[in-house]
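Place chain F on chain Z using the hints.
Chains as they are written, first to last, in my numbering: chain Z, 628 to 962; chain F, 581 to 1094.
It is possible that some hints are incorrect.
To be verified - Here are the simulated EDC-like cross-link-like pairs (lysine to aspartate or glutamate), alpha carbons at most 20 Å apart as the crow flies:
| no. | chain 1 | residue 1 | chain 2 | residue 2 |
| --- | --- | --- | --- | --- |
| 1 | Z | Lys-851 | F | Glu-663 |
| 2 | F | Lys-655 | Z | Asp-860 |
| 3 | Z | Lys-955 | F | Glu-686 |
| 4 | F | Lys-680 | Z | Glu-636 |
| 5 | F | Lys-668 | Z | Glu-636 |
| 6 | F | Lys-678 | Z | Asp-860 |
| 7 | Z | Lys-646 | Z | Glu-845 |
| 8 | Z | Lys-641 | F | Glu-663 |
| 9 | Z | Lys-635 | F | Glu-663 |
To be verified - Ranges of calculated distance between the beta carbons of each label pair, as one might list FRET restraints:
| no. | chain 1 | residue 1 | chain 2 | residue 2 | range |
| --- | --- | --- | --- | --- | --- |
| 10 | F | Ile-697 | Z | Thr-709 | 55 to 61 Å |
| 11 | Z | Glu-781 | F | Glu-679 | 28 to 34 Å |
| 12 | Z | Leu-877 | F | Ile-601 | 29 to 35 Å |
| 13 | Z | Asp-848 | F | Ile-697 | 29 to 35 Å |
| 14 | F | Ala-666 | Z | Asp-848 | 28 to 34 Å |
| 15 | F | Ile-710 | Z | Ser-864 | 34 to 40 Å |
| 16 | F | Thr-725 | Z | Leu-877 | 58 to 64 Å |
| 17 | F | Gly-721 | Z | Ser-864 | 45 to 51 Å |
Hints in this document: simulated from the structure, not taken from any laboratory. Yeah, the Cβ is synthetic: ideal placement off N, Cα and C, and Gly gets one too.
Chain by chain, the residues:
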Amino acid sequence: MSNMENLKEIERVKIFSEKVAKVKSELSKDVVGQAEIIENVIIAIVAGGNVLLEGVPGVGKTRLVRSLGRVLSLPFSRIQFTPDLMPSDVTGTNIVEKDENGKLNTKFRKGPIFANLVLADEINRATPKTQSAMLEVMQEHKVTVANTSYQIAEPFFVLATENPIEQDGTYPLPEAQMDRFMFKLIVNFPSDDELINIVKMTQVTMAETAEAVINGEEILDMRKLAASVPVIDEIVSYAVRIVSNTHPELPASTASTKKYVKYGASPRAAQGLITAAKVRALMQGRYNVSYEDIDALACPVLRHRIKINYTAINEKLGVDDVVSMIVKETKKVTK
Amino acid sequence: MGDNYLNLRRNILIKIIAKTILLGLSLGLLVASAIALVQRLIYDKIEFPVCIIAGAIVLALAGGVFMFVNFPTEKKLARLLDERLALKEKVQTMFAYKEKSGPIYELQREDTNKSLIGAKIKEFGVISIIAFTLCILIGVGMMVTAIMLPEKVVPPPPPPATVPFEITEIQIAAIEELIAYVNASEMDEPFKANTVSALTTMLDELKTATSITERDVVLDKAIDTIYSEADKSSSAIEIIGELWKMDDASVKLLAKAINYYDWPKLDEYDKFIAKITEVRASFNYIPKDGKELDEQKQLEEAKKLFAQASEKIITALSASKISQEDELYKVLQRLATAKEVDEEFGTRLYGLQTLSELIDQLGYKDTQRELDTTFTILNNEIYNVLSQHQENTSTGEYAITKICALFSYPLPKLERPQLIDSSADDSDPGDGSDGGSGAIGEGTEYGSDDLVYDPFTGEYVEYGVILDKYYALMFGKLEGEGYTDEEKAALEKYFDILYGGFDEKNEENTENEN
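Just chain F, same shape as in the assembly:
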């Protein structure tokens, strides 16, 4: 093949590649722009990656098909040259007889190559140029239109309708009645005063409020204040939490006891008493082997147990960050420090400075007896404090509920302390060695072989003996003190458990009932 032919072939190939690229680009741009415009018109935003991918696919497909159809094979090229240059089949003949030799063939080739000198193939016709230009212009136009189209005007949300508000005479009267109720309540000061103040301010502001929006602001503020006061007036949650964290069985039992005293349910009192009794019992020291006890040794052990519990209680109180003026704080501090106990119950405790000293002076049995008495008093103290807490919280909650009902306002969630999961504590049945209640253990009867202290006789007896005495006492009390049937049933069930040993299933049911 002559150089002329090779040059032409190269030029045609380049032009076809250029045409392929131009075709692909123009069609790709057209499709991408169309998609962009449609997206803009329908969704008001352009997903450029989608447009680019679609354009690239069209580019590849259109270019690929065009190249496949128009790729200049030798035969196609020969035909193309003959047609475009009007060479009367010279190039086709040259290729068909390229293997032949002879003068006529040489002349034919020479003639063909001569015809190809300076020949130029005009690959881009006017129609092609117009089509490409048109495609590109339309594509650019659509893309610019898509980008420049003003965003759809979304009408601004209408201003909230101002709903007029005017407090009614009935509402004023109801709020005044509520203020009087709080004033008459046994709520602690200064919580009561603060609550009354919040209600009075609320009433004044409501009288001047002209819209529901203003009303809601006033109500929100009042409810927040009252809720805050109710919350501050009860320190049980914080103290229980810190006591529970202490790694001491007696202290945990104490936390559980306080926790059982659920504010809105005063009938939880029996569970509270049971737990406090356990706390008390945890300070007994009972040798496991059941031998004659050495009183001095018992004293030392009891002192040790109590000292440990005292330390933990003090630590927990400090960590709770509750004011030292808090009544529950004071009571528990008195329990932990014999000094406070001494001041409170001076004659009973013989004027001694600390419980440790008391134990040292009295001897083991007397100490246990005094502790019983002290705990009885402390029970009443804690009961009183927690009752006051209940009163504070209930009054606050009542006020909030009343306000919400009065103005058809959504009632906020009023949080109450959750019961500590008793299974976490009771899962350890105990064996008496940890100074616990001994109620549940490994003994042949009633869970333990250890002797326990009998506060009625001051002697150490088997667990069953003392249990009978407690049961008789409890039974007598049940008959004479006007307990409800439900309370009686709960106490009897408790003793059944003590007599029958720990029944996990039964325990679960009991917990669930609680």
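For reference, chain Z alone in the conformation it holds in the complex:
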């Protein structure tokens, strides 16, 4: 690499955090508060992961995703998941149409999934059959219809939302589906101050004013850059050990795991932890991954991948509490 190219590269690294700051700034125009959610969403987007947003209605989940679509200057589509939604309504389907000569031909009509940013609103309302139509596209970024595969343009993200309260007529996402989400983010009810700001803002206009500050190419470039961030073996081991420790069936798992966990996270969790940690490090203006990154991302990465047992529920422990315990115990053994 020549000196010139080297300097360019260095410059590219340096503007990474500037771009992230711009994205955050634009999003804050439409979304009040939720800074952590915004940051984690950005991390997932740069890392190339899908995000599952969980929160009660009205906390701004859809607005956030929509604003994100604007800021990112990417083709955006929204799928409202309902029980009667069919897989073809998501992926698209072959239709028969006449050509100029009056001859009948089949033609694939792309569904809403063919976008760079897909909002899967209330994803748990769709039937498992429709939900499973999302598996391939979320993991492999391609759609197969009638033995024909269609590649989705990069970058591609699915940001799904679900409502934790209203369970009637919902279909819980299967574990395989859940595992495709890099993060599960809990969108909490805004604080009083945030709510006041939301009310005030919506009295003026309901319009979303965020502007595009980053395009798909730049996101891919940022992803590539993040992937090159160095991480020492000790931290990789630490991340792997955290994931391993979520498995109660393993002898080395922690006491909390054995007591509160029903089943543990998949290897995708470890991959997700490290990939996301690299992005987080860069976003913090650091050029190496720290234990702190892993600790910070443990809950978003693991909370939807492990299932707590009735002991934990009985003791009124949430999955985040259990994950925190596991992280703490792992850190004690490692350091």
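The following block gives chain F in isolation, referenced to the frame of chain Z:
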């Protein structure tokens, strides 16, 4: 690696070395002081080398272990810096990817080095400083305590108990009786007077003594005086010693003869006589070849032998530093100088001035005969002198023994002259050429082929002839003079030896019996 990192590394290394030394010193001091204090408390003295060695061992061990555990290897140092400076694994990453090149790595290094600028590691925490200070203070405190502790007060030994003493009437009577005994003894003057004086003074002082300590002082003084007087009254030891040193067979025989006359054993007389006879015989000159003798030549040889012996005796007497008034001294001087002999036995020796002249005038045979007579007289003289010595010594010893018994006082060692080892003299069997007795030699019979002088006939005869005559004479004497059986047996044994030749084993037995 940047300069910042290297500076930090050096600083940390220095601080760890300093901490190691401080830790070692403080622990070493603590242990050394503890040992010193324990020694002081238990043994009342401090073995500083032991304390120093123990302290040095602890210093080396503690310092070594601490350094081994804390030595800043690259990995440890990186981790230490990350933890202490909250650098979020920057330094560890920098080391892990130090071989990698690329913009992100360069940025990472740049960022890490930037973080290290002005960074300082606070190696000595408050706890460490407190611990070191505490250790040193405790150590110094213990050492000062150990040194300053007052020595254990050893109670002075109690003063010797004064045991009262008062002489009893019986003791006074016994001492007076002892004084009377010494006065009545045949002890020589002035030894007797001095001994009596010592006893009288002792009695007077004992009457006024009030404690055992005083009594002992008085007794010591009296015993010393009496022992000294007894010692001075006998010159035999000194004279025998000097005679023995003379390189002359006749003189040595004389010393041996006197020595045989052991003071407390008067029955040694026969051995004394035998030795004196040998001395006498040593002045005979007997040609070895047994040819007819030339009297003039014999005279010359005898004169020569006697002159040699005389000279040695005079030299020995002079060297003994014994008073010329000593009776033994006088007798031996008379033996050595014919003048004295002449005065003593004037008519017998024809009024001649010296024995040499006597020999010249009388001729060989007559001289030998006169010598025999002279020696007989000298025997009596020496016997008398030595008997007197025995009396002096015995009286002194008796007095000392009595005093000790009377007051239950420890008896001092009373030294007596030791017998001269006869084997040193008799180991040379002789061959007659040295003018010795001729009793033991290389001859076919009785040890020598030389003719010997027969004092009964004045002729030279074979040794066996004269031996028969001596034996007959001795046998006659034994029958008529009232000798004890033991004395008779000893004499017969002596003649058996003369007849049978020298038997080393037999001789040894004889010596042992003596």
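query: Are there hints from earlier that the structure breaks, and if so, what are their numbers?
result: Violated: hints 1, 3, 5, 8, 9, 12.
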